[in-house]
Amino acid sequence: MKLTQALGQYLELYRASKCSTTGALARLNRLAADAMPAAIENYKANATEPYETRLAAMFAPDYGVNINRVDIPADIAASFRCGVPQLNSLLVVVANDIFHATDSLSKNMPEGMQVKSLRDDLPEEAAAYLFESIKPAYPEVLANSLMAHDGVYIHVDRGIDIEKPVQIVNIFSSPVAMLTPRRVLIVAEENSRVRVLLCDHTQNSDVQHLNSQVVQIVAKAGAQVELYDIEESGAATNRVNTVFADIHKDARLVLNSNFLHGGVSRNEFIVNLEGDGADANLSGLGICADKQMLDTRVTLRHNCRHGNSRQIFKNALYDEARGFFGGKIIVEEGAEHTDAAQTNRNIIVSEKARMQTSPQLEIYCDEVKCSHGATTGQLDERAMFYMQTRGIPADEARRMLTQAFMADVVDNISFEVLRQRLHILVEKRLSGAAGSCETCATSCRGAN
Amino acid sequence: MSEELLKVKDLHAGIDGKEILRGVNLTIRPGEVHAIMGPNGSGKSTFSGVLAGDPRFTVTSGSAFLGDTDLLALSPEDRSHEGLFLSFQYPVEIPGVTMVNFMRAAVNAKRKYLGEAPMSAADFLKLMRQKRAVVELDNKLASRSVNEGFSGGEKKRNEIFQMAVLEPKLSILDETDSGLDIDALRIVAGGVNRLRNQNNATIVITHYQRLLDYIKPDFVHILYKGRIVHSGGPELALELEEKGYDWIKQEVDGE
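Sequence order for the protein chains is A and B.
Take 1 as the starting number for the first sequence in my numbering and just add one per residue.
Take 449 as the starting number for the second sequence in my numbering and just add one per residue.
These are calculated hints, taken from the structure and not from any lab test.
Keep in mind that this is a model prediction, so the values were computed, not measured.
All C-beta atoms in this analysis are idealised placements derived from N, C-alpha and C, irrespective of residue type, glycine included.
A hint or two may mislead.
Some chain A residues well away from chain B (every beta-carbon gap over 12 Å; in silico) [claimed, not checked]:
1) Arg30
2) Ala236
3) Arg305
4) Thr357
5) Phe385
6) Thr389
7) Thr402
Okay, the calculated beta carbon distance ranges per label pair [said to hold, decoys possible]:
8) A:His372 x B:Pro566: 38 to 48 Å
9) B:Asp571 x A:Glu427: 16 to 26 Å
10) B:Asp458 x A:Glu320: 43 to 53 Å
11) A:Gln378 x B:Glu615: 31 to 41 Å
12) A:Lys428 x B:Glu683: 27 to 37 Å
13) B:Glu596 x A:Gln378: 14 to 24 Å
14) B:Glu615 x A:Glu320: 41 to 51 Å
15) A:Glu320 x B:Thr506: 25 to 35 Å
16) A:Leu361 x B:Glu615: 22 to 32 Å
17) A:Asp408 x B:Asn587: 20 to 30 Å
18) B:Leu575 x A:Ser431: 21 to 31 Å
19) A:Asn68 x B:Pro566: 50 to 60 Å
20) B:Leu575 x A:Glu427: 51 to 61 Å
21) A:Gly159 x B:Pro566: 45 to 55 Å
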């Protein structure tokens, strides 16, 4: 199916239905509708994509859209309360595409912070950020913007350091195939700090689901924003996720994305270092099995002096899984003393698994330090044999080596509770846990 | 129960279609130490690799039994469980796998094979402590990745430590003396001697007499061009040290 038809069906739906949104979201919907036709044309002219995750294919199924804002039963949403006491988070549940505040949020909201629904009254500045996502280069973001009727808004005042992480638990629960437009907007004012953890879960793992997500991050001068993402959804849940981050003077972004289970997952990270001394640390791991597909794209734009960026993405591919990594670093004119490094390493565990990697550097400036490296290979056979001679069975040796391969991505996480938990999640996943909610170690539900 | 701990008969093996072992025969009884010597390229490391199940080598004919167990029919891990141990000439570095996790996996895999429950954490730590003492291995290595950043001496001591933990019936020490200074050599050899008893046996593969001053062999074999061409007592090693391998080469190649 062509992109025109794939996205056109949602445009028709938007035009034919009475939209429930008001205020900023209504304007966002309208802007997206207006921009869509040109964006589709633009995309068709320029797209070079691995076939697995072409937008046309991902948006082609006839998904239902929750125009009437039908909420899922509250007990399902409630059952996902996070049961890990150490995390002690400010919890938001996004049930399909509807924002639910929880007690942990309303009772513990720190001074100088707001976490609320995008349907609430938004300051003009926040609305303006939402509208900035309307760009002809990203038809998938337009599709999301067209249908978005809720989302999460996080704002931290100047100079405020929020110790408690905000945890956004995305739950899909529907008896019928569905597309859920999800939005997150994080604005960190000057010298503030905030950490956000996103987890994806699926209630009905056999029902087709497209998670369309757009996350926008604004880190103003001296601010630090950390976004961690754990995808552990059902095999029938596909995801098109776009993260925009604008990092200003001496501000810092930490972005860590982990694919443990799901269907086809396409993740695009567009990071702009806008102010001198801006810093971005991007990392991610993917454990893909069966026919899962993980597509990770990074566009890291250095548009300032003394900018620093680090990227490390690692994947292990089993069975007939496929992976794609497209990492682009752009160093703009005038971005002197840029220091940028990108690493992508992949292990192919099975003969039928495939990985495609495409690192790119575009440098329009002298006096920069840039490096990139990409490798795709197999587990170290000498290490395998060594372990086996000590009596460690081949399967376990393979699991231990894969876990070791991923270890530096996890160790790189400074958020300690999450780091420990992710080590366990990776181990469980490699031990063959199905990655369903029942086996998930995040204990988002059931532990209360 | 066979009196023979290891019985290798007419073993032929090679790599990438090239034959390296061309009919090795060797019998080892419990309590014995056998040294295998020979010039470079004679097949010493291939022999140890084939016994341990190194997938790089292909066995074309012959047999190798550990007691009543057909070694060649087993995976490397099961050969280990049955009591075979190979101390590597070049121990492999495994970044990201800590020594303690590595050893726990090894110990519990063997227990599982023997139908026993996993070892408790307390017992495991006690075992590690006891066995480390055999080769004076520093406790701080336990939290490090396997062999990563270990000195040459630490790597070899680590091999003997693993041997002490696994308590094999037959240990093959492949050039354990290479890369060792005299102090480390003494510690490693001392460890090996402490682990010797009437029920187990050791194969020492080496180029030099030096190691055999510390680990006294009962038998010395010379491997050349893929065959054991000469066997004798400890005096054979001394003779080699004195005369080199040329006389052996002449004897064999002159035929």
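Results of checking the hints against the structure:
1. Arg30: 51 Å, holds
2. Ala236: 33 Å, holds
3. Arg305: A:Arg305 clear of chain B: closest Cβ-Cβ about 36 Å, beyond 12 Å.
4. Thr357: It holds; A:Thr357 is separated from chain B by about 21 Å at its closest Cβ, greater than 12 Å.
5. Phe385: 6 Å, violated
6. Thr389: 5 Å, violated
7. Thr402: The claim is violated: A:Thr402 sits with its nearest Cβ about 10 Å from chain B, within 12 Å.
8. A:His372 x B:Pro566: 38 to 48 Å: Holds: the Cβ-Cβ distance is about 44 Å, inside 38 to 48 Å.
9. B:Asp571 x A:Glu427: 16 to 26 Å: 23 Å, holds
10. B:Asp458 x A:Glu320: 43 to 53 Å: 44 Å, holds
11. A:Gln378 x B:Glu615: 31 to 41 Å: Holds: the Cβ-Cβ distance is about 33 Å, inside 31 to 41 Å.
12. A:Lys428 x B:Glu683: 27 to 37 Å: 59 Å, violated
13. B:Glu596 x A:Gln378: 14 to 24 Å: With a Cβ separation near 20 Å, B:Glu596 and A:Gln378 satisfy 14 to 24 Å, so the hint holds.
14. B:Glu615 x A:Glu320: 41 to 51 Å: 43 Å, holds
15. A:Glu320 x B:Thr506: 25 to 35 Å: For B:Thr506 against A:Glu320, whose Cβ atoms are near 30 Å apart, the range 25 to 35 Å holds.
16. A:Leu361 x B:Glu615: 22 to 32 Å: Given a distance of about 55 Å, which is not inside 22 to 32 Å, the answer is violated.
17. A:Asp408 x B:Asn587: 20 to 30 Å: 24 Å, holds
18. B:Leu575 x A:Ser431: 21 to 31 Å: Since B:Leu575 and A:Ser431 have Cβ atoms about 24 Å apart, the given range 21 to 31 Å holds.
19. A:Asn68 x B:Pro566: 50 to 60 Å: Since A:Asn68 and B:Pro566 have Cβ atoms about 54 Å apart, the given range 50 to 60 Å holds.
20. B:Leu575 x A:Glu427: 51 to 61 Å: 23 Å, violated
21. A:Gly159 x B:Pro566: 45 to 55 Å: 52 Å, holds
Comparing the model with each earlier hint shows violations of hints 5, 6, 7, 12, 16, 20; every other hint is respected.
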